[in-house]
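Trainee: Top line first, the protein sequences correspond to chains P and H.
Numbering-wise (our numbering), the first sequence opens with residue 1 and increments by one.
Numbering-wise (our numbering), the second sequence opens with residue 1 and increments by one.
Source of the hints: derived by calculation from the structure; they are not laboratory data.
Hints may contain errors.
[Stated by the list, open to error] Straight-line Cα separation of at most 25 Å, SDA-like style, residue types lysine to any residue; simulated pairs:
(1) Lys224(P) to Leu275(P)
(2) Lys224(P) to Asp272(P)
(3) Lys31(P) to Leu370(P)
(4) Lys34(H) to Arg368(P)
(5) Lys34(H) to Gly369(P)
(6) Lys34(H) to Arg367(P)
(7) Lys224(P) to Gly287(P)
(8) Lys34(H) to Asp281(H)
(9) Lys31(P) to Tyr102(H)
(10) Lys34(H) to Gly153(H)
(11) Lys31(P) to Thr104(H)
(12) Lys31(P) to Ala311(P)
(13) Lys34(H) to Lys224(P)
(14) Lys224(P) to Tyr366(P)
(15) Lys31(P) to Gly105(H)
(16) Lys34(H) to Ala195(P)
(17) Lys34(H) to Leu22(H)
(18) Lys31(P) to Arg198(H)
(19) Lys224(P) to Pro234(P)
(20) Lys224(P) to Ala364(P)
(21) Lys31(P) to Ser19(P)
(22) Lys31(P) to Glu484(P)
(23) Lys224(P) to Tyr214(P)
(24) Lys34(H) to Thr112(H)
(25) Lys34(H) to Ala364(P)
(26) Lys34(H) to Arg148(H)
(27) Lys224(P) to Gly369(P)
(28) Lys34(H) to Leu271(H)
Given the structure is predicted, the values throughout are model-derived calculations rather than measurements.
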Amino acid sequence: MTSTLSPPVATPAEPRGRSTFGRMLRAEWTKFRTLRGWVLAVLIGAALIDVVGLFAVHSTISCDQGSGKACYQPLPTGPGGQAVTDSFYFVRQPLAGDGAITVRMTSLTGHYSAAPPAPAEPSAGSAVPPATPADPGQQAGGVDATQPWSKAGIIIKASTTPGSAYAAMTATGGHGTRMQWNFTHDVAGLAGPVAAASPQWLRLTRAGDTVTGYDSADGVTWTKVATAHLAGLPATVQVGLFATSPGVLVVTESFGGSSATGTSSTATGTFDHVLLSGATTGAGWTGEAIAGDGAPGARPGGDQPGSYERAGDQIRVTGSGDIAPAVPGVSSSPAPTAAIEDHLQGVFLGLITLVVVAAMFATAEYRRGLVRVTLAAMPGRGRVLAAKAVVIGAATFAAALVAAAIAVPVGARLSRDEGSYVLPVSGPTEARVIVGTALLVAVCAVLALAVGVILRRGAAAVAAVVVGIVLPYLLGVVPALPVEAREWVLRVTPAAGFAIEQSIPRYAQVTAEYSPPAYFPLSPWAGFAVLCGYAAAALAVAYVLLRRRDA
Amino acid sequence: MTATAPALTRQDQRTSPRDAWLAGRHALRAEWTKQRTVAGPGWLLVAAAVLTIAVSAAAAAATHCRPGGECPVDTAKLSLTGVQLGQAVVAVLATTAVGAEYGTGLIRVTLTAVPGRLTLLAAKAVTVTVPVLIASTAGVLGSLLAGRLLLPGHGLGPSRGFTALTLTDGPVLRAAGGSVLYLALIALLALGIATAVRDTAAAIGIVLGLLYVLPIIAAATANPHWQRHLNQLSPMTAGLEIQATTNLDTLPIAPWSGLGVLAAWAAAALLTGALLLRFRDA
Numbered sequence: 001m002t003s004t005l006s007p008p009v010a011t012p013a014e015p016r017g018r019s020t021f022g023r024m025l026r027a028e029w030t031k032f033r034t035l036r037g038w039v040l041a042v043l044i045g046a047a048l049i050d051v052v053g054l055f056a057v058h059s060t061i062s063c064d065q066g067s068g069k070a071c072y073q074p075l076p077t078g079p080g081g082q083a084v085t086d087s088f089y090f091v092r093q094p095l096a097g098d099g100a101i102t103v104r105m106t107s108l109t110g111h112y113s114a115a116p117p118a119p120a121e122p123s124a125g126s127a128v129p130p131a132t133p134a135d136p137g138q139q140a141g142g143v144d145a146t147q148p149w150s151k152a153g154i155i156i157k158a159s160t161t162p163g164s165a166y167a168a169m170t171a172t173g174g175h176g177t178r179m180q181w182n183f184t185h186d187v188a189g190l191a192g193p194v195a196a197a198s199p200q201w202l203r204l205t206r207a208g209d210t211v212t213g214y215d216s217a218d219g220v221t222w223t224k225v226a227t228a229h230l231a232g233l234p235a236t237v238q239v240g241l242f243a244t245s246p247g248v249l250v251v252t253e254s255f256g257g258s259s260a261t262g263t264s265s266t267a268t269g270t271f272d273h274v275l276l277s278g279a280t281t282g283a284g285w286t287g288e289a290i291a292g293d294g295a296p297g298a299r300p301g302g303d304q305p306g307s308y309e310r311a312g313d314q315i316r317v318t319g320s321g322d323i324a325p326a327v328p329g330v331s332s333s334p335a336p337t338a339a340i341e342d343h344l345q346g347v348f349l350g351l352i353t354l355v356v357v358a359a360m361f362a363t364a365e366y367r368r369g370l371v372r373v374t375l376a377a378m379p380g381r382g383r384v385l386a387a388k389a390v391v392i393g394a395a396t397f398a399a400a401l402v403a404a405a406i407a408v409p410v411g412a413r414l415s416r417d418e419g420s421y422v423l424p425v426s427g428p429t430e431a432r433v434i435v436g437t438a439l440l441v442a443v444c445a446v447l448a449l450a451v452g453v454i455l456r457r458g459a460a461a462v463a464a465v466v467v468g469i470v471l472p473y474l475l476g477v478v479p480a481l482p483v484e485a486r487e488w489v490l491r492v493t494p495a496a497g498f499a500i501e502q503s504i505p506r507y508a509q510v511t512a513e514y515s516p517p518a519y520f521p522l523s524p525w526a527g528f529a530v531l532c533g534y535a536a537a538a539l540a541v542a543y544v545l546l547r548r549r550d551a
Numbered sequence: 001m002t003a004t005a006p007a008l009t010r011q012d013q014r015t016s017p018r019d020a021w022l023a024g025r026h027a028l029r030a031e032w033t034k035q036r037t038v039a040g041p042g043w044l045l046v047a048a049a050v051l052t053i054a055v056s057a058a059a060a061a062a063t064h065c066r067p068g069g070e071c072p073v074d075t076a077k078l079s080l081t082g083v084q085l086g087q088a089v090v091a092v093l094a095t096t097a098v099g100a101e102y103g104t105g106l107i108r109v110t111l112t113a114v115p116g117r118l119t120l121l122a123a124k125a126v127t128v129t130v131p132v133l134i135a136s137t138a139g140v141l142g143s144l145l146a147g148r149l150l151l152p153g154h155g156l157g158p159s160r161g162f163t164a165l166t167l168t169d170g171p172v173l174r175a176a177g178g179s180v181l182y183l184a185l186i187a188l189l190a191l192g193i194a195t196a197v198r199d200t201a202a203a204i205g206i207v208l209g210l211l212y213v214l215p216i217i218a219a220a221t222a223n224p225h226w227q228r229h230l231n232q233l234s235p236m237t238a239g240l241e242i243q244a245t246t247n248l249d250t251l252p253i254a255p256w257s258g259l260g261v262l263a264a265w266a267a268a269a270l271l272t273g274a275l276l277l278r279f280r281d282a
């Protein structure tokens, strides 16, 4: 292709079984590892991930209560390994073996004690107003209204221990009838609110580890909502009625940030035609407040623990709290909460260092004319590019993997020691955050290599990649632009890849302030795929240009 | 000091003020010829202005205020959002102006021709800063114009009580003029770092890391005390407070003081670069 290139010399004494690509890999690896500056820069980049990340931990701690040590009550952990809020009023009795519970619900009402700040216009503050005022009348000192996710219904639960496995059929304040189980699962049933004029029938049947939920408008025609497999459900479970209601959340976007304020609320469900089948003890109903919100009795505003009353066939249950995964922003724990990815703030500085090395890995060849030697020795230009991408990708992946594998657990431990509450996540999620961070860094390095081949100028390549990845992240997380614009930026730019670090997902069944940086608009792997798309496109352009252009 | 032209250096240092002035003028002319006769800087200047306007217009287009709503938006700052991207292009221009000479070895020729190294650095600073000032003026005025055209249609016009984006308004003039100065200071900061580091890729990495990463770390810091201090020290956050026209009392640092922080960063970088250039072999 170029006049400077001679045809590849036939290699006479080639060791058998070693492919040309293998030799290319080895040549590129030798070029990389024998430059002390580059190896040092990769190590510095990895060290920056840890040093900055762990420094940020220290500066985030602001637990002022008492000694500053462990000033939080850990939240219960659900069957999936995540932190959960498991706090409700439970009217229960034990059920041995298989069985079923059927009820008719005639009303679901709510109440919250202190009126939250007047909901502003949606653009200024995305207030989450009480959705369905079951009783529009306003009493002195409180408002009678349910929250969108106020819940009351029937539940089969492994035990009264907060965080234990469960399956529930529940009416909600604003989302119709739902079947929910093990905190993260949520399936819609009948739509519309429960009222005396439009009662709803709910049924849960247990057979082994399987709980199936049904709903019905008339008690005759039943529709299956979902089937839950609760692994390891004990032989004797607790079955009964429950009511709970999350805090009223008002998110106010103000100059330079947004704040969420909450006040507690209660929900009251009215049940009749309660029918239990199966091996019950016959001891009758027991009422009990389950307090699994991390801070029993210590919440600002003071939760009503709940109550129940029987009037003939009718049972009324009142409760407060939530049965849901705990998320940053609405956690009831009084301590500062952190997610495990909060200790990965050093990735940005480490990333820039590694991007510089990766861009130089491409542009240094052009600067010294080494590229002509390289292409004379290895005329397969596409494979040269591939070999370079593999070497730089693997080297940066390994460095970032070690760094992230240190930063995440050590950072979480330091945070806990300092009195901050780190939301626990399941093992696979933690592994995804760590490996995903390393993948993110490696893909960015490959992107920088490709841009380096395209532009053939170190400064321009580094600037293009940093501006493509770090600047959009900055615009996305700093609350200078409106939330929609920030989410848009984090959806279409390579910065979408940082979604892979998000450990706590959005839950449709939890009202919270879902905004960057804690929550990305795309799911972890979808965001990562956007970044990979940019890297693949850059590699393709680099391949075409490398083949078409003279070196 | 240098092995390349010791005799000239000594002679140069003993010259009269008039000769020094002449040497400076010649150095300036030489640097200007280098800048003007390659295509790169020209394109970068155009790119700086165009990208600044494009991002500013996109930010203005993405921001809406519904009727009756209270929108905490600083329209001047919003319509100058593109400066955050434009500064990267400016930094590339400045690092290339000095770093590329090391990449090609041209620096030895340059130092033979202009043995007064501080004279050379000053000439480079002038030939980089003046075009940057012109390009950023175009970018800033274009951004304000885009904001002025787009924002009133999104409920953010003067009729709703938002700042009118005219240069006759004192704070807006300060935001616009300050943004131009901000970009010039970024060029000087990048020039100083590139002189010290002598490699374009590494220099741009350091400059952009300094600019973009400090605000990210500050945003992730929950402790308000630390956050405020980081924002006061960060060259980008502090420097861009010059764009603020509303809620001035809640800023971590006053507008002109913030620009002063960036100026201090730039001065420190230039001083480091100058000392290393003066006392190091090329």
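Trainee: All the hints need checking, so say for each whether the structure fits it.
Mentor: For each hint, the structure was consulted:
{"no.": "1", "hint": "Lys224(P) to Leu275(P)", "in the structure": "18 Å, holds"}
{"no.": "2", "hint": "Lys224(P) to Asp272(P)", "in the structure": "21 Å, holds"}
{"no.": "3", "hint": "Lys31(P) to Leu370(P)", "in the structure": "11 Å, holds"}
{"no.": "4", "hint": "Lys34(H) to Arg368(P)", "in the structure": "21 Å, holds"}
{"no.": "5", "hint": "Lys34(H) to Gly369(P)", "in the structure": "22 Å, holds"}
{"no.": "6", "hint": "Lys34(H) to Arg367(P)", "in the structure": "19 Å, holds"}
{"no.": "7", "hint": "Lys224(P) to Gly287(P)", "in the structure": "28 Å, violated"}
{"no.": "8", "hint": "Lys34(H) to Asp281(H)", "in the structure": "22 Å, holds"}
{"no.": "9", "hint": "Lys31(P) to Tyr102(H)", "in the structure": "21 Å, holds"}
{"no.": "10", "hint": "Lys34(H) to Gly153(H)", "in the structure": "46 Å, violated"}
{"no.": "11", "hint": "Lys31(P) to Thr104(H)", "in the structure": "20 Å, holds"}
{"no.": "12", "hint": "Lys31(P) to Ala311(P)", "in the structure": "84 Å, violated"}
{"no.": "13", "hint": "Lys34(H) to Lys224(P)", "in the structure": "78 Å, violated"}
{"no.": "14", "hint": "Lys224(P) to Tyr366(P)", "in the structure": "67 Å, violated"}
{"no.": "15", "hint": "Lys31(P) to Gly105(H)", "in the structure": "22 Å, holds"}
{"no.": "16", "hint": "Lys34(H) to Ala195(P)", "in the structure": "82 Å, violated"}
{"no.": "17", "hint": "Lys34(H) to Leu22(H)", "in the structure": "18 Å, holds"}
{"no.": "18", "hint": "Lys31(P) to Arg198(H)", "in the structure": "21 Å, holds"}
{"no.": "19", "hint": "Lys224(P) to Pro234(P)", "in the structure": "24 Å, holds"}
{"no.": "20", "hint": "Lys224(P) to Ala364(P)", "in the structure": "65 Å, violated"}
{"no.": "21", "hint": "Lys31(P) to Ser19(P)", "in the structure": "19 Å, holds"}
{"no.": "22", "hint": "Lys31(P) to Glu484(P)", "in the structure": "45 Å, violated"}
{"no.": "23", "hint": "Lys224(P) to Tyr214(P)", "in the structure": "4 Å, holds"}
{"no.": "24", "hint": "Lys34(H) to Thr112(H)", "in the structure": "15 Å, holds"}
{"no.": "25", "hint": "Lys34(H) to Ala364(P)", "in the structure": "23 Å, holds"}
{"no.": "26", "hint": "Lys34(H) to Arg148(H)", "in the structure": "38 Å, violated"}
{"no.": "27", "hint": "Lys224(P) to Gly369(P)", "in the structure": "71 Å, violated"}
{"no.": "28", "hint": "Lys34(H) to Leu271(H)", "in the structure": "23 Å, holds"}
Of the numbered hints stated above, those contradicted by the structure are hints 7, 10, 12, 13, 14, 16, 20, 22, 26, 27, listed in ascending order.
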